[in-house]
Amino acid sequence: MNIEDLEKEINEGIDSLPLQERRKFLKMGLAVTGVFLGGSVLSLTSISHASNQKNADSDIPVEGQYPYPKHYGMIMRQNRCVGCELCVEACKQTNHVPNDHGAWRTAIQEKITTENNTEKREFRPVLCNQCNRPPCVRVCPTKATYKDPETGIVVMDYKKCIGCKTCMAACPYNARYFNEEKYAIDKCNFCIDTRLAEGKKETACAAACPARVRIFGDLKDKSTEIYRLLQTPDSKIWVLRPDTGALPNVFYMNG
Amino acid sequence: MTNNSLSAIFAETADPRLATPGMNRATIFFLIVTVVGLSCGVLAFIFGHHTIYNNTREMPWGMLISTYAFWAITSTGLCMYAAMSHVFGGTRMKIISNRMVWMSIICIMGAFATIGVEIASPHRMLLYNIISPNPLSNIWWMGTLYGLAVGCMIIEFSGIVTGLAKLALIMGVFGALAEVLANSCLGGVFATLPARPYWYGAQLPIYFLTSAFLSGAAAAVLFNYLAYRIRDEKMSPSVHLAVKSAGKAMTLVLILYTVATFWRLVSFYVGGPELGRTAADALISGPLAFNFWVLEVCAGLAIPALLIILSRLENMRMLALAGFLILVGQFVARYNLVVAGQIVPQNLGWDNLPTHFSYVPSVFEFGVVAGSIGVVAFGFLIGERVFGKTFTQKEHH
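Listed in order, the protein sequences are those of chains L and R.
So the number in my numbering is just where the residue sits in the first sequence, counting from 1, plus 27.
So the number in my numbering is just where the residue sits in the second sequence, counting from 1, plus 21.
Isolated chain R, as found in the complex (with noise of 0.2 angstroms):
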């Protein structure tokens, strides 16, 4: 493809009413963001990864695992909507697919910047992956699969912006395809653990496929409401009705998700090992319970139902809101679940350990996820600059 042909791709896809000073400002802005956060992780590879981050032998995963999780669940969310929108067609989505497959894209590039520096040998990744890989492994076949997945949204993007219909919709497939099943394996990688109770179990892949549908839904609320933001304009009638849409989904699986939460609780009181049972009390009343009554369930699914019932679905600045609360209780969902997989010592009662470890994430985990979210706002607003027109046409195929 020469020059001339992109610049006329580009002059067709391209917002201009985006190329203003503030934009500007804020795109260089989450581009700092971005490069500064990332670079704590860089130096994971110039110091070591068991200097700079706080991770121990008995606690392995942290808040970058947490972090990587969550940015995945939400892409596979987004990628569902849009998928199912494109395929099945008539659903009132469907105008906002377009923007939605982006920032899918844009959400699992956050993913693959976090796990980037949190593997300590990424490079050997590459290769082994490859040549040497284990089928028997969820990791495997996680990763595998999440980067056939992207793979597979490029190309349904380039299709949508070059006007290859046919071949964004089959890509648009496979892409959603392997999004579902790459977080499917994501689930199944703590729920085949048999030596951490808490996380051990056949719900979890499902819960994560749940969290996937609130997370991608409460993710196409905030970004379309933002996307009109930004703009200054007000939504069309028909992007009005598909952020509702997404709002009523987003209202649904909210109710869905507080279920599957509370009879996970549930379950680790009424028997089982004792290790589940101990990790449960850390989130209903030990080191994680702030994080889970204040953040997860306050913020994230009661205050959020909140204010879906009193926006009527109607009051999209509160609507945007709820969506972005969700997202704030589902990234620290991921955090507990995460850490309270590992918190409880598996020999409890000898070398006189505490009930719970001690984990608090160093200035460089918190640098590395303030680095994932540079990644995504950076994305979102250069897709807005750059592929605005495509975002916001009616049909393209």
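Isolated chain L (complex conformation) (with noise of 0.2 angstroms):
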């Protein structure tokens, strides 16, 4: 239309006008709701280079398909572990952890049952299982906490920690703790920044287990030992919560 037609056209008046200023305004509310939407729904996205696991039908990384460079986890002997928390001492003095209530990077969990009118004990290593789909990771709003591009271990940037504690309430392993002395909230890292950072091979917690239940290595690594017991194991292997997709890196076996 150009301008010799519009003047033709009647002046319809300004009665008219701000029906049509509010449809305007409508149109472009939509326009804006679009551009909202659309960054909500990709808040609702995974992350995409930390989901690269696509064994749907077991729990264990198949290989060819580990995203990172050095993939670590660990392997636990659930049986072996008789709950002397020499683990749970040794990252304290490593990673200096507080000494205040709530605060534990790795702990001993222990179930008492009774069978035949026997009390059995079990106990229960846990730690950060440092998920391929980490939860923890994508709730946090200032990427203060992160998969290290390396070696795929979930770390922290404490500068950046608002103390917002999502990261806490999306963890489905009660992994991540507040630290007053860093007032940030802080967790297990798999002492990258301690004991892989002198180019050590094993975690403070690994290396005090006297009994060897905890296994840590590259997962990409033929030569090492936490290769050779999940690609050829002699038991069942299994994750802590599978349900919650978080595709965690810690692996539980009897043995």
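No lab work stands behind these hints, which were simulated from the structure alone.
The structure displayed is predicted, hence computed values, not measured ones.
Heads up, the beta-carbon is just placed ideally off N, CA and C, and yes, glycines get one too.
Among these hints, one or two may not hold up.
[To be verified] From chain L, some residues computed to sit far from chain R (all C-beta separations above 12 angstroms): (1) I30; (2) T60; (3) V89; (4) C111; (5) L113; (6) Q120; (7) T121; (8) H128; (9) R151; (10) L223; (11) D248; (12) M280.
[Said to hold, decoys possible] Cross-link-like lysine-lysine pairs, in silico, DSSO-like; alpha carbons within 27 angstroms at most: (13) L:K97 x L:K51; (14) L:K138 x L:K119; (15) R:K187 x L:K54; (16) L:K51 x R:K187; (17) R:K410 x R:K187; (18) L:K119 x L:K54.
Combine the two chains into a complex, taking the hints into account.
Now the structure itself:
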């Protein structure tokens, strides 16, 4: 429509203007909704580079599907654990974990059951599962927690942590705690900034365990014990809370 | 803008009828409540959030998060009703929409005051939310959108006060959109955590939006009733009709919200993860049962429904009481939701843990909640005193 045609139009008066204006605003509103909605949808997607685990039938990652150059993990030979907690102590010493209530990077859980009038005690070591689809990383508003691109370890950048505690709520493994000294959330990082940084091959907890419950290593390296245990297992391997879809890198077996 | 022109604007908007000793006393009282209450939160920065608040590693979120959610949700509701009146026009609620915009701003201030002392390091948030944003995080979107919403609403309200109707309209639309999406992201914060089956699921963001429509209507009824009560004045027929419309919306959403609550709980008992069912047990017969049955269901849903029927949407005092009870119920409902999501140990069966953790908010947490109520009450009274004429004028554009 050109200007001459417009001039021939009958003036509709100002009475109808507000309605048109409203329509215009509604259209604009829809466009803005689209933009925001795009963002909201984006916020629901998982971390694509960290979810590259396609072995749907098993909890064990398949060769060729490790997203990181070194893909660190741990396997717990659970029935070997006697609950001595030397691992807990070694972790506290190495990583300067505060002594106050609720602060730990690794713990030993205990279950007491009675079978045929005999008390049975079972121990289960737990720590951060360094998930491939880590719920804590997705929810962090400031990227204060992220997957280390070299090792796949979930690490903290303390100065960015606002202390909203969403990562604590999101973690299926209760692996995070508030570190009052750093005034930030803290967690196990497989000793990346302590022992691994010094060139050591094992985490403090794995090195301290007298029963060799914890086997730590690069899941991709065929020469490691963890590779052999995971790829040619003697017994069933499981992970904790597989239903959450977090794709953990800490595995459990008896043996 | 010079002081003179500001005084000229306030002379236009202020309601001198409220310059009474009683009003002054009430305003000062709520200012003291605000200062004392929020001081409890400031103590957290001195003595440590972990020592002042009763949150633990296992239950990192408590009453302050639920209070934040309650005020934020109420703000969204008020803003949406106001925007609908402004944009679509023709609704009876248009006449009270200016007051709703103001109260929406005030409610979000109550929310910000609460979250500001709940978060351990808000100063880091100011910087790293901007220079290190995570677009995958619901918290980031929620904070950003609520920030955007309050900015838009403040400009909108300035437009209303200064007579810039077009600016007010545009900002009203943007503000309402940001509020709705922020509310949705707030629901998403909980709904996208598979580790917490009581929260996880597609229903929750819609549930939050429904709650916003419920709390918003209840707040609209209550604050308008109070606005006339403090003036000791009868509502004009058009305001009466507007509040009646808000009452109708409140009734409709009350039904929807009750249905949603019913099915939400039923869904935990027909299958799904044990953690979700055990969390629901906390409400039905466990440590949250009193909160749920007496405060959330009876006081917050059933009695208001009865009052609405008895009032026939005509008796404003009864309707306002229903609105007040709905707000109390919604406050408790947010608390129940936040607590129930974390109340079951994730490693239940190990370490001889109880089926449900025990969480009782600390005195300081109650103090902060009182402070947030102080913010809203103080904001309401100041608004009526300074912008009273703007709230009661029939048309602003």
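- Message: Please verify whether L:K51 and R:K187 have alpha carbons no more than 27 angstroms apart.
- Response: Cα-Cα ~12 angstroms, so holds.
- Take a quick look at L:C111 and tell me if its Cβ sits farther than 12 angstroms from every Cβ on chain R, holds or violated. 16 angstroms, holds
- Message: Just to be careful, I want the Cα atoms of L:K138 and L:K119 compared with a cutoff of 27 angstroms; is the pair within it?
- Response: 23 angstroms, holds
- Query: So is L:H128 really clear of chain R, every C-beta pair being over 12 angstroms apart?
  - Reply: 8 angstroms, violated
- Measuring Cβ to Cβ, find out whether L:T121 lies farther than 12 angstroms from everything in chain R. The assertion about L:T121 holds, with a minimum of 20 angstroms to chain R.
- Query: Checking the smallest CB distance to chain R, is L:Q120 really beyond 12 angstroms?
  - Reply: 20 angstroms, holds
- Item | Nearest-CB test (12 angstroms) between chain R and L:I30 | 25 angstroms, holds
- Query: R:K410 and R:K187: Cα distance at most 27 angstroms?
  - Reply: Holds - the C-alpha atoms of R:K187 and R:K410 are around 20 angstroms apart, at most 27 angstroms.
- Query: Between L:K119 and L:K54, is the straight-line Cα distance small enough, at 27 angstroms or below?
  - Reply: 59 angstroms, violated
- Item | Beyond 12 angstroms from each Cβ of chain R, as asserted for L:V89 | About 23 angstroms separates L:V89 from the closest Cβ of chain R, which puts it past 12 angstroms; holds.
- Item | L:L223 remote from chain R - nearest C-beta pair above 12 angstroms | Label holds. Min Cβ-Cβ 25 angstroms, cutoff 12 angstroms.
- Query: Minimum Cβ separation between L:R151 and chain R greater than 12 angstroms?
  - Reply: 6 angstroms, violated
In this structure, the earlier hints numbered 2, 8, 9, 13 and 18 are contradicted, and the remaining ones agree with it.
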